[in-house]
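Here the numbering used here is used: the sequence shown runs in plain steps of one and ends on residue 75.
Quick caveat, the hints were computed from the structure, so don't treat them as lab data. Keep in mind that the hints are not guaranteed to be accurate.
[Claimed, not checked] Straight-line C-alpha distance at most 30 Å; calculated DSS-like pairs for lysine-lysine:
id, residue 1, residue 2
1, Lys45, Lys22
2, Lys45, Lys28
3, Lys15, Lys28
[What the hints assert, rightly or not] Pair by pair, the computed Cβ-Cβ distance ranges are:
id, residue 1, residue 2, range
4, Gln61, Glu27, 46 to 56 Å
5, Asp48, Arg68, 18 to 28 Å
6, Lys22, Asn62, 56 to 66 Å
7, Gln61, Gln31, 41 to 51 Å
8, Pro17, Asp48, 40 to 50 Å
9, Arg68, Leu33, 39 to 49 Å
10, Lys22, Gly43, 27 to 37 Å
11, Leu29, Pro63, 47 to 57 Å
Model, not experiment: these values are computed from the prediction. All residues carry an ideal CB built from backbone N, CA and C; glycine is no exception.
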Amino acid sequence: MGCSQTKARSVISKKIPVSILKKKADEKLNQTLYNSEEIEQIGKKIYDCQNSQIQQYNVSQNPILRRRQGSISEN
Numbered sequence: 001m002g003c004s005q006t007k008a009r010s011v012i013s014k015k016i017p018v019s020i021l022k023k024k025a026d027e028k029l030n031q032t033l034y035n036s037e038e039i040e041q042i043g044k045k046i047y048d049c050q051n052s053q054i055q056q057y058n059v060s061q062n063p064i065l066r067r068r069q070g071s072i073s074e075n
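Working from the sequences, and respecting the hints, build out all of it.
What follows is the structure, given as structure tokens:
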């Protein structure tokens, strides 16, 4: 069984020219790079949004955070 599988694989690989495989690999790599850039931009948007919300948050509304911030500023 193992022998027939390798024979079938070798026949398949012989039918596909290397140039097509390289082209497909390049397309896949470009797509991966594009996706990772997109993910990075989304992450940056979320991070910036969270930071702006933290900066706008009024600490004086929360007594626990107010005490904590006071103890941090003393150190």
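Could you say whether the range 27 to 37 Å given as a hint is met by the Cβ separation of Lys22 and Gly43? The hint (27 to 37 Å, Cβ to Cβ) holds, given that Lys22 and Gly43 are roughly 31 Å apart.
Within 30 Å, alpha carbon to alpha carbon, are Lys45 and Lys22? With Cα atoms ~35 Å apart, Lys45 and Lys22 exceed 30 Å; violated.
Is Lys45 within 30 Å of Lys28, Cα to Cα? Holds - the C-alpha atoms of Lys28 and Lys45 are around 26 Å apart, at most 30 Å.
So the hint says 47 to 57 Å: do the beta-carbon atoms of Leu29 and Pro63 match that? Between Leu29 and Pro63, where Cβ atoms are some 54 Å apart, the hint holds.
Using the C-beta atoms of Lys22 and Asn62, is the stated range 56 to 66 Å upheld? 59 Å, holds
Taking the CB of Gln61 and the CB of Gln31, does the distance hold inside 41 to 51 Å? 46 Å, holds
Determine whether the Cβ-Cβ distance between Pro17 and Asp48 falls within the hinted range of 40 to 50 Å. 47 Å, holds
So the hint says 39 to 49 Å: do the beta-carbon atoms of Arg68 and Leu33 match that? At 42 Å between Cβs, range holds.
Sort out whether Lys28 lies within 30 Å of Lys15, counting only the CA atoms. 21 Å, holds
Using the C-beta atoms of Asp48 and Arg68, is the stated range 18 to 28 Å upheld? About 24 Å separates the Cβ atoms of Asp48 and Arg68, which means 18 to 28 Å holds.
Is it true that Gln61 and Glu27 lie within 46 to 56 Å of each other by Cβ? 53 Å Cβ-Cβ, so the 46 to 56 Å window holds.
Against the hints set out earlier in the document, a violation occurs for number 1 only.
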